[in-house]
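Okay, here's what each chain looks like letter by letter:
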Amino acid sequence: MIAIDPRSYSDSVLFAAEMAALRASAWQLVGLADDFPAGGPPVECLFFARRLSVRQRSEGYRGSWPDGVTAPVPRIAAVGRFVFASEDQDGDPSAYLGPYADYLRAISPLLVEVILSESVEVAANWKLFVELTLDDYHLPTVHPTTFGAGEEIASHRLVYRRDGLHSCYLRRRDAHWSFDGFWRDLPSGVVDRMGYKIFQMFPCALVAGMYEGVIVGTVHPIAADRSVVTNRVLTWHDRLTGEAERAPLVEYLRAVFAEDRAACEEWQTGVGQLARAPTLGRLEERVRWFHEAYAQFMAGSSPGRSAPPR
Amino acid sequence: MEDALSDTPHAAANARRYTSPEYFRDEMRRLAAAAWQFFCTTDDLAAANDWVRRSVFGVDVFVQNFHGELRGYHNVCQHRGFPLRRGPRGNGPVQCGFHGWVYNKQGIPTGIPRNQDLFCLSREQQAELAIPPVRVATVGRFVFVALSDAAPPIAEYLGRYADILVALSERMRAIRHRWSGPTAANWKLCFEITLDDYHAPIVHSNTLGAGGQLPLYRFVYGREGAHSYSFMRRDPDWSFDYFWDDLAARKYDHSGYKVHQLFPNLLIVTTPMIVLVSLYQPTGPASAEVEDLMFDLRDNEENVDGWEALTRAHRAVHDEDRVAVESQQSVVTQFERRPTFGRLEERVEWFQQAYESLVGADRQPGG
Chain A
1218 MIAIDPRSYS
1228 DSVLFAAEMA
1238 ALRASAWQLV
1248 GLADDFPAGG
1258 PPVECLFFAR
1268 RLSVRQRSEG
1278 YRGSWPDGVT
1288 APVPRIAAVG
1298 RFVFASEDQD
1308 GDPSAYLGPY
1318 ADYLRAISPL
1328 LVEVILSESV
1338 EVAANWKLFV
1348 ELTLDDYHLP
1358 TVHPTTFGAG
1368 EEIASHRLVY
1378 RRDGLHSCYL
1388 RRRDAHWSFD
1398 GFWRDLPSGV
1408 VDRMGYKIFQ
1418 MFPCALVAGM
1428 YEGVIVGTVH
1438 PIAADRSVVT
1448 NRVLTWHDRL
1458 TGEAERAPLV
1468 EYLRAVFAED
1478 RAACEEWQTG
1488 VGQLARAPTL
1498 GRLEERVRWF
1508 HEAYAQFMAG
1518 SSPGRSAPPR
Chain B
3 MEDALSDTPH
13 AAANARRYTS
23 PEYFRDEMRR
33 LAAAAWQFFC
43 TTDDLAAAND
53 WVRRSVFGVD
63 VFVQNFHGEL
73 RGYHNVCQHR
83 GFPLRRGPRG
93 NGPVQCGFHG
103 WVYNKQGIPT
113 GIPRNQDLFC
123 LSREQQAELA
133 IPPVRVATVG
143 RFVFVALSDA
153 APPIAEYLGR
163 YADILVALSE
173 RMRAIRHRWS
183 GPTAANWKLC
193 FEITLDDYHA
203 PIVHSNTLGA
213 GGQLPLYRFV
223 YGREGAHSYS
233 FMRRDPDWSF
243 DYFWDDLAAR
253 KYDHSGYKVH
263 QLFPNLLIVT
273 TPMIVLVSLY
283 QPTGPASAEV
293 EDLMFDLRDN
303 EENVDGWEAL
313 TRAHRAVHDE
323 DRVAVESQQS
333 VVTQFERRPT
343 FGRLEERVEW
353 FQQAYESLVG
363 ADRQPGG
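Residue numbers (the numbering used here), protein chains in the order written: chain A, 1218 to 1527; chain B, 3 to 369.
What the hints contain is simulated information worked out from the structure, not anything from laboratory work.
We put the CB at the ideal spot given by N, CA and C, even for glycine.
One or more hints might be untrue.
Unchecked claim - From the structure, some residues in chain B lie toward chain A, with a derived Cβ separation under 7 Å:
no., residue
1, 73
2, 76
3, 78
4, 81
5, 90
6, 100
7, 101
8, 125
9, 258
10, 259
What the hints assert, rightly or not - Over 10 Å on every C-beta distance to chain B, these chain A residues come out as not near it, computed from the model:
no., residue
11, 1295
12, 1312
13, 1358
14, 1387
15, 1412
16, 1490
17, 1495
18, 1499
19, 1517
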């Protein structure tokens, strides 16, 4: 398999090159529309190891560098309520996200309140956190009392799908369940909210739809061995209307997020010593896809090479 | 002194040796190819499944008691690169905390959760995923680790120090005091100050050096391969012949003050009351971790008050050394000439010669 160079998890020179490549061609989720009030002052956010100011004007979103960076200012564009940035002056996030853009647009009007918002600096490379969220094998060990409690999910219940650089996880209700209807309905704005679904948008954002609402997670790289992990939980308009219903979910998810962060920080201390390609099983298939997407993206975004695959 | 860097401006050489990340990485590789590092004492590995984890020349390693047999491995799960051992020591089977892979004493993952469902790895394929081993050697109660087959056998590496460690182990009780802490200086500076008997009245004016300079006849230095010692004479005619004679009978004379330095980074101090084992671990080009293990001696009376005063005094001396070497680190790149070694710094010079000889620091980084 194609494996990510283990040095890239800690080497600052490789990190700088990686960030430059991602800024040039990838679209990063920098926030939700509510973060940038129309006509309000610029709001700072993180964009591939740089600080970026974003403001919303009547003509759309505008970005600027608050630190006097002389590089081209990234373009800012929204997909539903999800705001993305990229230095790619020609592309647009909808094309970059493919069918996941339809999902983001479809769920945007259905989301109401943010019931959990946290942003925590983690002593780990951003890719480890992404890989952890793509991995369904670690749940019983890293989350023994939360996500991984109880019986393991039979692998036939999990459907993985690869969409260019991105991938998703869909949980079947039974062995014969089909998601054809889900994908067919999305472009018309109809979204099946039943069942757990995770959409990973390359390189470092995810939206996980669950019964109560969605988790919006972003890993912001800030150094080769440090990242800022942002998680927000928004409820569906017709779910969890009372505080008493929300509190247990918030507590539960806080625990899950903390377990993931602790695991990544431990992982950071060992990953550079693995002298072989990782051994990935069926529940880690999306990790393999991420490694392949990363390798393709980095090769494609090198000067004189073809554009990254869409 | 002979300096392999004699054709290099000394300030530039110092900048490399004491501050350069590239030099540090290369230095760790060269040490790994040539040297053994003290790892722990068998006290920490007494029971089945006891394990100790530490860095050996920049490589995260654990050593475990597999039902009486000590084996060591790189501390990394071969599945995804997660550290197998978390924390400095503990007890339990080798099981990864990420996905639960369990390894046997050969380092082979024999317990892979849902292997048939998810991986279908045969026994042969599992054997191919064995954790890279390290060499482990026990001398008396001292456990050493070498990362490379190129390092000589431990008996050859230690020379007469093998006898010293065996004899020393006889009267050491269990670990009485354990301490570790960081120093913002290159590990070589941290270690060299322990080889230097000239600085005591200045750096330790209220502790170790409070009595001023001692007469030169008190210091007897000896060199054993890459290692060295300093024994304190009682009078000008005192001989240590008996010390070496006793060793043959596995007896260590604990009278007087004796200091042993084992290349590259182990210090052992013995007095009539204690044995102090200090490891100067490199953690970066300008940082080190010092770990102390203190033992009292069998047949000595328990003296809790005296023990506490002793550990306090040792901490004070250590802190004085730490402040001194951190100051030295701050100007090391401005030092534009070779050091001038006097008679009380003879062992520093020996250490630098051993370093050049064994680690080949005259080579360019990456060479």
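Now the hints, each set against the structure:
no.: 1; hint: 73; in the structure: violated, 17 Å
no.: 2; hint: 76; in the structure: holds, 6 Å
no.: 3; hint: 78; in the structure: holds, 4 Å
no.: 4; hint: 81; in the structure: holds, 5 Å
no.: 5; hint: 90; in the structure: violated, 13 Å
no.: 6; hint: 100; in the structure: holds, 6 Å
no.: 7; hint: 101; in the structure: holds, 5 Å
no.: 8; hint: 125; in the structure: violated, 15 Å
no.: 9; hint: 258; in the structure: violated, 43 Å
no.: 10; hint: 259; in the structure: violated, 39 Å
no.: 11; hint: 1295; in the structure: holds, 36 Å
no.: 12; hint: 1312; in the structure: holds, 33 Å
no.: 13; hint: 1358; in the structure: violated, 5 Å
no.: 14; hint: 1387; in the structure: holds, 19 Å
no.: 15; hint: 1412; in the structure: holds, 22 Å
no.: 16; hint: 1490; in the structure: violated, 4 Å
no.: 17; hint: 1495; in the structure: violated, 5 Å
no.: 18; hint: 1499; in the structure: violated, 5 Å
no.: 19; hint: 1517; in the structure: holds, 26 Å
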